[in-house]
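Using the sequences plus the hints, can you model the full thing?
One line per chain: the protein sequences are A and B, in this order.
According to the numbering used here, the first sequence is numbered sequentially starting from 280.
According to the numbering used here, the second sequence is numbered sequentially starting from 2.
A couple of the hints might just be wrong.
[As the list claims (entries may be wrong)] Here are the computed lysine-lysine pairs in the DSS-like style, where the Cα-Cα straight-line distance is at most 30 Å: (1) Lys-396/B - Lys-504/A; (2) Lys-381/B - Lys-26/B; (3) Lys-504/A - Lys-494/B.
[To be verified] With beta-carbon atoms standing in for the labels, derived distance ranges: (4) Ala-409/A - Arg-320/B: 57 to 65 Å; (5) Thr-429/A - Arg-320/B: 40 to 48 Å; (6) Val-272/B - Val-472/A: 41 to 49 Å; (7) Phe-397/A - Arg-373/B: 36 to 44 Å; (8) Glu-134/B - Ala-409/A: 41 to 49 Å; (9) Ala-76/B - Phe-397/A: 47 to 55 Å; (10) Val-272/B - Ile-320/A: 58 to 66 Å; (11) Ile-309/A - Arg-391/B: 55 to 63 Å; (12) Ala-409/A - Thr-141/B: 54 to 62 Å; (13) Gly-384/B - Ala-441/A: 41 to 49 Å.
It is worth saying that the hints were derived from the structure and are not from the lab.
Note that CB positions come from ideal geometry on N, CA and C, so glycine has one too.
So the chains spell out like this:
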Amino acid sequence: MFANGFDLGALLLQGRAFFALIAIIVFFSILSPNYFTVSNILTMSSHVAVYALLSIGMLLVILNGGIDLSVGSTLGLSGIVAGALMTGVPLHAFGITLYPSVWVVVIVSCAVGALIGFVNGVLVSRFKVAPFVATLGMLYVVRGVALLMTNGLTYNNLGGDAALGNTGFDWLGFDRILNIPVGVLVMIAVAIVASVLLNRSVFGRWLYASGGNERAAELSGVPVKRVKVRVYVISGVCAAIAGLILASELTSASPTAGNSYELTAIAAVVIGGASLAGGRGNVRGTLLGAFVIGFLSDGLVIIGVSAYWQTVFTGAVIVLAVLLNAVQYKNRKKAPKGIDPTTSSPLTSAPTDVAPVPEKITG
Amino acid sequence: MSAAADVVFRAKDVVKTYGGTRALKGVNFDVHRGKVTTLFGENGAGKSTLMKILSGVETPTTGTIELEGEVVEFASSVEARERRISIIHQELSLAPNLNVRDNIFMGREIRNAVGIDFAEEERQTRELMTGLEESIDPLTLVADLRLGQQQIVEIARALSIDARILIMDEPTSALSATEVEVLFTVIRDLTSKGVSIVYISHHLEEALEISDFAVVLRDGSITATAPASEIDLEWIVRQMVGENFDLGEPPSGYEFGDVALSIENVSVADVENPERSIVDGLSLDVRAGEIVCIYGLMGAGRTELLEAVAGRVRISGGRVLKKGKDMSHLSLAQRIASGLALVPEDRQRDGLVQTMSVGTNLSLASIGTFVRGLFLSSEKEKGLIQELIRDVRVKTSSGDAPIGSLSGGNQQKVVIGKMLATNPDVILLDEPSRGIDVGAKAEVFRLLAERAAAGLAVVYSTSEVNECLSIAHRIIVMSRGRIAAEFSSDISKEEIMAASGEAVVA
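Here is the structure:
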């Protein structure tokens, strides 16, 4: 009987993001008949898509033991780059204005995201800047660049012009395939790719290993620096895609778009059960985390709770999630302690006379 | 001579268990008033554990501590310090960002009306330094001191609390000969004032010089106690080493192959003091199928040598060849790929990824070899993991078990198995037996012997003399970054220890 009770607790703890999502859906469905309808779920999902894309990129960075604060700014800049390209690139030397087609716009925006990620990755891996600081710096730099490019103004009317051959930008945000918004499909596709990458590729294994114990990974021949640069690049690209979707949904690009979204992304990753210390977490959990945040805040809007209360609720959910993470990882850690007397801490365990790094003490 | 009144501090039937391992098995240890009691023992014998219990860092599982005949229980080292029991730790515990004065009074600052009485602290610090015949300024940052001076500060801090019992765990490991002389003068001065000293050192001769009583600890039990005047070095070594547990013998019945690893005049500069070389122009050839043991004291440069050969630390001179191919400019990952693998010393810090399973830890280093197209071939990986678990005899419920669920010995086998899976020609193991029990040690050595017989060149380091005499075909004794002596496997323990500068100086 005790075992059953314990298992139930463990199950609830393991699947907490999932159960939280169910609880949110049930709660709001009771309060509002409009909540659990296909159209509302799809609308909410397309809101979630933007956060989820950021969160998947963030998950990779967090698995690596880092953090990427620049994703919100990257999202904004990506939209601005798209906006600038859509409204035409004047080439003064030739006296013409270039209107690149939409797929060029998408590729250039993603490349900008990748470049930002690359700078983050190089700062963190080669120059040993703390991830928090490096990406905080990039947060400001990238946001500043976005504001400079437009003088703080917003690009409107990204619909393009059939005469110029650059229509179709609203496809990402407006169109639906089988009644599902394209943005949601993009999110699903990115999630599948990320999941396969994490579970089935060498890169994924390297990522988990270097996030779990970078020194051990390096000594096993894992190219930890290359892995690190790549995760920030992927995070940058994810943010750029999110920026494109957001700009497409609004058919406008604001230089302040995505402000503070990095924190929402981190929250989604944490709610999804990933450890901020690195090495633990998965795409499924992170997606659930993004849905919890998105469905919660949209539900509060639907039932008419003030925006201030939304902020309070979201914050409470995040704190609760971190609390439960702590419970989960503490339980896991206890198990080895009882069995293995030789953990690394010299004070609590190691019954040997050997100092942690004896050779460093020289005579 | 050892009447009860003499004993000021005593451990009685102290047992300390960590998980399933018994680090101390019912130890009775007496500290005599105004005398130096020296504790001898090999690494892992339980010396540091006993000292941690005496100084309140740890509490005994069973048994009691008596101070002046009264049973005491220390909840922390602060409580022990309040009873005037002070310890100089083996690992320096100074804050490098603070100056000497602040370190010495850390946690028990002298206060006045407005805050800390820096002037008084500084005066006392100067007094302490004068006593130790050191010219360290109290306002120097600890980070700016060399290691020996830092150890002096550590000693000064222990002295500053006016201890009645002073525990010194390897206080001289970083000191020069003159500094050791000064320290001994200070110790004699303290004992004449009635302070009781517990002394631990790897330098047996040096320790014997200052001792009044010698106590030998082996495998968690006291094996011998005697007044220092009645014993000699040979007696200590005999008591320390005891009967040899059979850790195997060098594999035989085959010819060594060509030279697999050639270390040519390799030097490694000291990071803290680039003028000095931790490894000093060392040369060594190891043939395929040969097992070489590197023995040496702390600071002899064993770890640095192995890490330099593996490509973890930069060499400042010389080169490393594997099967005639120069490896000096390859990265660590490239060296692994070309067949030169290192099993690091600290398996928790450098060997294992604690967040992953037994299986994924085992396959980590060789993961590049079972890629199918873009993806990992999970059947191939599972097969390899099963094979490795069987090969290196890891006792685990399955490959999916968390790595933390294994015992220390099995974890070590995982780290070794992980590197063996890369099919190396040369494997370097830094203290492969550290912190694992005797049975697991024997298994690890048997595994290495098997692989050597199949043509692997094995180099392992150890600080336990017993282990040199197990499977090694050749024993290299390192001292101060150089090869001090080279022996074949039919040498005695005493000779090895002597060559390392640990015991009898010829």
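Discussion item. Run through the hints listed earlier and report the numbers of any the structure violates, in increasing order.
Written reply: Hints 1, 2, 3, 4, 5, 7, 12 and 13 not satisfied by this model.
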